[in-house]
Amino acid sequence: MNNHLSHAILNALADGELSAEQLAGANEHLAECPSCTSKALSQSLLKSATAKAGRRYAPPTQFQEHLVRLASEADSVGQGPGMRSAPLSPSRSHWGFESLGWATAALILLFTVSMMFVERAADRAKVASTEDAALVTEVFDQHVATLAGNMPLQVVSTDRHTVKPWFQGRIPFSFNLPQGLPSDTTLDGANLTYLRNQPVAQLLYSIGKHRVSVFLRQRSGATDVNALLTERSGFHVVSFSTIDLDAIAVSDVDPVRLSELVSSIKHAQAGEQQQPGRVGP
Amino acid sequence: MRIWKKTARATGPQTSAFECQALPLLPSLYNIAFWLSRNASDAEDLVQETFLKALRGFPSFEPGSNFKAWIFRILRNTYLTSRTGLEARRTVAFEDELNESRESGPAQIPEAAIDRQTPETNLLQMADRAALQAAMETLPPPLLEVILLCDVEEMKYREIADTLEIPIGTVMSRIARARTALRAALEANHRSSREIRA
Chain R
5 MNNHLSHAIL NALADGELSA EQLAGANEHL AECPSCTSKA LSQSLLKSAT
55 AKAGRRYAPP TQFQEHLVRL ASEADSVGQG PGMRSAPLSP SRSHWGFESL
105 GWATAALILL FTVSMMFVER AADRAKVAST EDAALVTEVF DQHVATLAGN
155 MPLQVVSTDR HTVKPWFQGR IPFSFNLPQG LPSDTTLDGA NLTYLRNQPV
205 AQLLYSIGKH RVSVFLRQRS GATDVNALLT ERSGFHVVSF STIDLDAIAV
255 SDVDPVRLSE LVSSIKHAQA GEQQQPGRVG P
Chain Y
6 MRIWKKTARA TGPQTSAFEC QALPLLPSLY NIAFWLSRNA SDAEDLVQET
56 FLKALRGFPS FEPGSNFKAW IFRILRNTYL TSRTGLEARR TVAFEDELNE
106 SRESGPAQIP EAAIDRQTPE TNLLQMADRA ALQAAMETLP PPLLEVILLC
156 DVEEMKYREI ADTLEIPIGT VMSRIARART ALRAALEANH RSSREIRA
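Just so you know, the protein sequences line up as chains R and Y, in that order.
Here the first sequence is numbered in the numbering used here, starting from 5 and rising by one per residue.
Here the second sequence is numbered in the numbering used here, starting from 6 and rising by one per residue.
Treat the hints loosely; a few may be bogus.
[Claimed, not checked] Cross-link-like lysine-lysine pairs, in silico, BS3-like; alpha carbons within 27 Å at most:
1. K161/Y <-> K56/R
2. K213/R <-> K161/Y
3. K213/R <-> K270/R
It is worth saying that the hints were derived from the structure and are not from the lab.
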């Protein structure tokens, strides 16, 4: 008997893994080969004995009960996969976890979006802060340049009805000038200048012997200079914003007096707001 | 087993789809876990972790596929990353790697080694359950797990391959090697018993 059954075939025979064709061939051979029959029987006996010997350990009752409790607790807190009343269809049993999964995904998405907004808000605040600092620097430089140079003001007048109309057609917005000014405060005139590449009205006031520049510009909407109050090299910067305007005042005068002037200008804007591009009377 | 079935039934309407499938397998999971970890405490830890992992991962389980192979795969992977599993792998890895090259095909066992055994001898030896259990304890984990899944859990080769994530040819060769090793251990035990009696 030259073509004995291989060990793989004998194992597969014992394990019931032979195809019908292989099984027929094996049976045909076993009918004629005592050696292979002996081996096949040995394999079957070994498998049977291993199966019995292998069933050796049983879980303690307490442990089983513990796991059942675990499953129940997971069910009660909604962590269980489809742990609803039985019998459940597979699709319904999955719905619990799917819902939980979607809810978790939604929470994560919400958290991510919130974080993006927070980060963007922080970024915007940082950018705004940087822009404010740059604006203050520019305002400061413009004011110092006005004081240092011998350049005459573009419009020289103490009359607000002369200064204000002068800007008509020169700036794309309008503003009001206060009728009454704080004591010892006079309007000297104005310049058309530029801040951040935007046309700006630079109003020149004197408070005593101190010069004040008040820059009015159309509000871009991106920044709010309401809270801008700073000091640099002995100069004070005070600002405010309205719906249409940003105003920044800079001077070396006492900040209280500077604030009084700024306040009067602010009140004037509140009394009459005008459309951009149209200079009021 | 009887106690377990009673407990499972007692859950009644609260029994979930997961519980219906997982809890009846608990004795089998525990048995395999104990064989692999070799002590009750580690076996309980292993089964509990497997149970919780399966519970969490059940949504990813495809309905209609082989739940038993799925949860046994979780058990096996949990074991491999456990302390006892890592120790066992360190111990047997070298030996197993040396022999792994033979796993692509049928085991190359000299026929004479088989011919020395007769069904009668095997029957006498296998009647001693303790001897067979002692022989099983000598098997390295890769061979022990495959023989447990095949003979005790009565899994098909394809299921074992899926569970252990190995090729089906490797399953076949490991089964052959495991049985050869068991025979050799039984034979050695039989010889030593005869020597003691003599």
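Given the proposed pairing of K213/R with K270/R, does the C-alpha separation stay at or below 27 Å?
Roughly 23 Å between the alpha carbons, so the hint for K213/R and K270/R holds.
Within a Cα-Cα threshold of 27 Å, do K161/Y and K56/R meet the stated pairing?
Measuring from Cα to Cα gives roughly 18 Å; hence the hint holds.
What's the verdict on K213/R and K161/Y, does the C-alpha distance respect the 27 Å limit or exceed it?
Violated - the C-alpha atoms of K161/Y and K213/R are around 103 Å apart, more than 27 Å.
When each numbered hint is compared with the structure, a violation occurs for hint 2 only.
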